[in-house]
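**Q** Sequence:
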Amino acid sequence: RYGDSVPVIGAYSGNLNNNYEELILRDSSDQTILDFNYFGNWYESTDGQGHSLNIVNTDRGPVFWSAEDGWRPSKSIHGSPGKKSDPYFSWVWDNFSDSSAINLTVSGELEDPDNDNLANIAEYALGTDPSSHDEGYFYSVFDEDGKKFMTLTHTMNGSTTDVEIVLERSSDLKIWDVVDPLSENYIYTKLKNGTQQRTTIDNTPISLGVRRFYRLVVRR
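Residue numbers for the sequence shown follow our numbering, so the first one is 27 and each next one is one higher.
Bear in mind the hints are in silico, worked out from the structure with no lab data behind them.
Some hints could be false.
What the hints assert, rightly or not - The calculated lysine to aspartate or glutamate pairs, modelled on EDC-like cross-linking and capped at a C-alpha distance of 20 Å, are:
#: 1; residue 1: 110; residue 2: 30
#: 2; residue 1: 109; residue 2: 188
#: 3; residue 1: 216; residue 2: 190
#: 4; residue 1: 218; residue 2: 155
#: 5; residue 1: 216; residue 2: 160
#: 6; residue 1: 173; residue 2: 210
#: 7; residue 1: 110; residue 2: 135
#: 8; residue 1: 109; residue 2: 30
#: 9; residue 1: 109; residue 2: 85
#: 10; residue 1: 174; residue 2: 228
#: 11; residue 1: 173; residue 2: 228
Let's have the full structure, built from the sequences with the hints guiding it.
**A** And the structure:
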């Protein structure tokens, strides 16, 4: 089922109960390493629907493994042992209901369940709410010594490491160039829940009449 790439420490000849089980792991000197309980009915998708239970945070320690909130259903049927957890799915699990989280027509990266023209992957990158109609970005005007400059402000999910937000600029909506962060002025603001806000100030005064179009590109 899982191929030969998953490292196996040792074989287990018994069967685990899908409903409830106490798991105890002891070392060669019979000292207990782990001792916790799990219940299959913690989540509907793990109760006979094929999804496995995954630990939410291994850093919290096994004392939390006997509680429902220490686990969540796997993203795929049968789980994905030996692979790192997907940060995006962890975000999905925190922002969607149990049933919606495993329903890719709702929680998939390119879906837009709140119809605000932001796909879920963009909401993830911007740190916005996928169930609330919000934008996470806006245009404004910055005034310096009587000269006006266009600004673009957008939020960023400060806890993500697997996505990148790239700002691009165009004068004709055909050719787009990445905005060089070394040639523009930025204002960074820390918001609540680890969200950050970045304001980019265009370096060309509006009075010159140069056409400017901006777009945010999310790369993963």
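**Q** It remains to establish, for every hint, whether it holds in the given structure.
**A** Evaluated hints:
{"no.": "1", "hint": "110 - 30", "verdict": "holds, 16 Å"}
{"no.": "2", "hint": "109 - 188", "verdict": "holds, 15 Å"}
{"no.": "3", "hint": "216 - 190", "verdict": "holds, 18 Å"}
{"no.": "4", "hint": "218 - 155", "verdict": "holds, 13 Å"}
{"no.": "5", "hint": "216 - 160", "verdict": "holds, 18 Å"}
{"no.": "6", "hint": "173 - 210", "verdict": "holds, 16 Å"}
{"no.": "7", "hint": "110 - 135", "verdict": "holds, 18 Å"}
{"no.": "8", "hint": "109 - 30", "verdict": "holds, 13 Å"}
{"no.": "9", "hint": "109 - 85", "verdict": "holds, 17 Å"}
{"no.": "10", "hint": "174 - 228", "verdict": "holds, 10 Å"}
{"no.": "11", "hint": "173 - 228", "verdict": "holds, 12 Å"}
The structure meets every hint from the earlier list without exception.
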